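Residue numbers (the working numbering), protein chains in the order written: chain C, 1 to 257; chain Z, 1 to 83.
Calculated from the structure, these hints are not laboratory results. Be careful, since some hints might not be right.
To be verified - No farther apart than 30 Å at their CA atoms in a straight line, the calculated lysine-lysine pairs in the DSSO-like style are these:
hint: 1; chain 1: C; residue 1: Lys101; chain 2: Z; residue 2: Lys41
hint: 2; chain 1: C; residue 1: Lys101; chain 2: Z; residue 2: Lys11
hint: 3; chain 1: C; residue 1: Lys23; chain 2: C; residue 2: Lys91
hint: 4; chain 1: C; residue 1: Lys23; chain 2: Z; residue 2: Lys41
hint: 5; chain 1: C; residue 1: Lys131; chain 2: C; residue 2: Lys174
hint: 6; chain 1: Z; residue 1: Lys20; chain 2: C; residue 2: Lys91
hint: 7; chain 1: C; residue 1: Lys131; chain 2: C; residue 2: Lys163
hint: 8; chain 1: Z; residue 1: Lys41; chain 2: C; residue 2: Lys163
hint: 9; chain 1: C; residue 1: Lys23; chain 2: C; residue 2: Lys163
hint: 10; chain 1: Z; residue 1: Lys20; chain 2: Z; residue 2: Lys41
hint: 11; chain 1: C; residue 1: Lys174; chain 2: C; residue 2: Lys163
hint: 12; chain 1: Z; residue 1: Lys20; chain 2: C; residue 2: Lys101
hint: 13; chain 1: C; residue 1: Lys91; chain 2: C; residue 2: Lys101
hint: 14; chain 1: Z; residue 1: Lys11; chain 2: Z; residue 2: Lys41
hint: 15; chain 1: C; residue 1: Lys174; chain 2: C; residue 2: Lys101
hint: 16; chain 1: C; residue 1: Lys131; chain 2: C; residue 2: Lys23
hint: 17; chain 1: Z; residue 1: Lys11; chain 2: C; residue 2: Lys23
hint: 18; chain 1: Z; residue 1: Lys41; chain 2: C; residue 2: Lys174
hint: 19; chain 1: Z; residue 1: Lys11; chain 2: C; residue 2: Lys174
Just so it is clear, the structure is predicted and the values come from calculations on it, not from any experiment.
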Amino acid sequence: MTELPLIGEAIAVAAHPQLAGAKIGVVTFPGTLDDRDAARAVRLAGGTAVPLWHADSALGDVDAVVIPGGFSYGDYLRAGAIARFAPLMSKIIDAANSDAKLPVLGICNGFQILTESHLLPGSMIKNDHLKFMCRDQVLRVENSNTAWTLDYEAGQEITVPLKNQDGQYIADEKVLDALEAEGRVVFRYVGFNPNGSRRDIAGISNAAGNVVGLMPHPEHAVEAGFGPASLDGIGGSDTDGLGFFTSVLNKIVGGAK
Amino acid sequence: MPRIVVDVMPKPEILDPQGKAIVGALPRLGFTAFSSVRQGKRFELTVDGEVTEEILAQARNAAETLLSNPVIEDVVNVEVVEA
């Protein structure tokens with residue numbers, strides 16, 4: 001039997017030394033779960049992860065921000081509703097909307113926080129089947145021009161884990177039509193819609209493409225031996241999620257396509 | 001102490017998955033008269049002292065900004081209830 005490494009070797013990409021100078025902030029709220037995984041994904045992609053605390057009043061000198069998954073403030077009231085008003089969020093909202101267009105990625109609960117913040121349109125409600133669902137999910141990258149998808153090809157299919165209960169993306173028809181027309185549907189579920197999301201939408205971006213949110217978890221698919229291909233063999237590779245992080249790092253250091 | 005009650009409901013055009021689950025359970029208990037259920041939220045905001053127009057305006061503002069998400073929910077009622 002082949003022995004798997006206890007901790008995956010950080011060999012997924014041959015990182016350019018320049019990338020280590022790029023600082024990606026990872027925000028932790030009370031109830032955040034996936035901040036360590038997100039920070040690890042940043043490091044595996046070659047960058048430097050900077051822990052940020054929700055009550056901080058300044059962003060520091062980070063070049064991009066990841067808002068990870070979990071259950072901020074227990075998801076009381078609504079998913080992301082209380083986190084949206086954390087002191088650090090107002091800094092992130094300003095920086096994302098500024099001319100500098102700070103790249104911001106919201107994953108799962110982070111996506112919910114971004115919609116509550118009005119950085120992204122629409123909202124998430126309970127899955128149409130009412131159950132928590134955890135599975136490896138195939139996504140199609142519909143837009144490879146956002147800050148977080150430059151290292152993918154448009155139309156490329158990737159497999160990353162998905163785990164949520166409030167993952168049904170909804171918006172009114174006018175907003176959905178505008179998102180489609182402007183190429184702001186960044187990811188779509190392929191083969192199976194796991195939560196009833198309108199038009200199979202898994203992730204979207206803002207108009208400028210620096211803010212991206214999605215329900216599935218790319219940060220859980222960054223290491224050989226610990227990703228979807230190794231665990232249930234539905235296809236894809238173990239490291240399909242790594243491109244999110246290499247995309248933004250390459251953009252920051254000026255090496256993006 | 002007076003309280004301000006805020007009622008929030010899912011927008012009518014949005015299918016309410018929780019209500020759907022409840023309406024499925026009712027007939028199993030013999031409650032067969034109900035064809036549909038929608039589940040909302042009730043908030044009770046306690047005020048120390050008198051509820052002035054200014055405080056009521058604050059409650060309405062809080063209802064629109066924090067207590068509800070206008071993309072998916074409507075504030076259907078804001079009223080003062082004397083203890």
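What's the verdict on lysine 20 of chain Z and lysine 91 of chain C, does the C-alpha distance respect the 30 Å limit or exceed it? Status violated; Cα separation ~39 Å.
Is lysine 101 of chain C within 30 Å of lysine 41 of chain Z, Cα to Cα? violated, 37 Å
Restraint status (C-alpha distance of lysine 23 of chain C to lysine 91 of chain C at most 30 Å): holds, 16 Å
Do the alpha carbons of lysine 131 of chain C and lysine 174 of chain C lie within 30 Å of each other, as the hint requires? holds, 29 Å
So if I understand the rule, the pair passes when the alpha-carbon distance is 30 Å or less; does lysine 20 of chain Z with lysine 101 of chain C pass? Violated, at about 41 Å.
Between the alpha carbons of lysine 11 of chain Z and lysine 174 of chain C, is the straight-line distance 30 Å or under? holds, 16 Å
Within a Cα-Cα threshold of 30 Å, do lysine 11 of chain Z and lysine 23 of chain C meet the stated pairing? Violated, because 41 Å separates the two Cα atoms, which is more than 30 Å.
Is the straight-line distance between the alpha-carbon of lysine 174 of chain C and that of lysine 163 of chain C 30 Å or less? Holds. Lysine 174 of chain C to lysine 163 of chain C sits at ~28 Å (cutoff 30 Å).
Do the alpha carbons of lysine 11 of chain Z and lysine 41 of chain Z lie within 30 Å of each other, as the hint requires? With a Cα-Cα distance of about 12 Å, the restraint between lysine 11 of chain Z and lysine 41 of chain Z holds, given a limit of 30 Å.
Are the Cα atoms of lysine 91 of chain C and lysine 101 of chain C separated by 30 Å or less? Distance ~12 Å between lysine 91 of chain C and lysine 101 of chain C Cα, so the pair holds.
Measure nothing beyond the straight line between the CA atoms of lysine 131 of chain C and lysine 23 of chain C; if it is 30 Å or shorter, mark the hint as holding. Violated, because 37 Å separates the two Cα atoms, which is more than 30 Å.
Given the hint that lysine 101 of chain C pairs with lysine 11 of chain Z, test it: the Cα-Cα distance must not exceed 30 Å. Given that 30 Å is the threshold and the Cα spacing comes to 33 Å, the pair is violated.
Checked against the numbered hints given earlier, this structure breaks hints 1, 2, 4, 6, 12, 16, 17; the rest are met.
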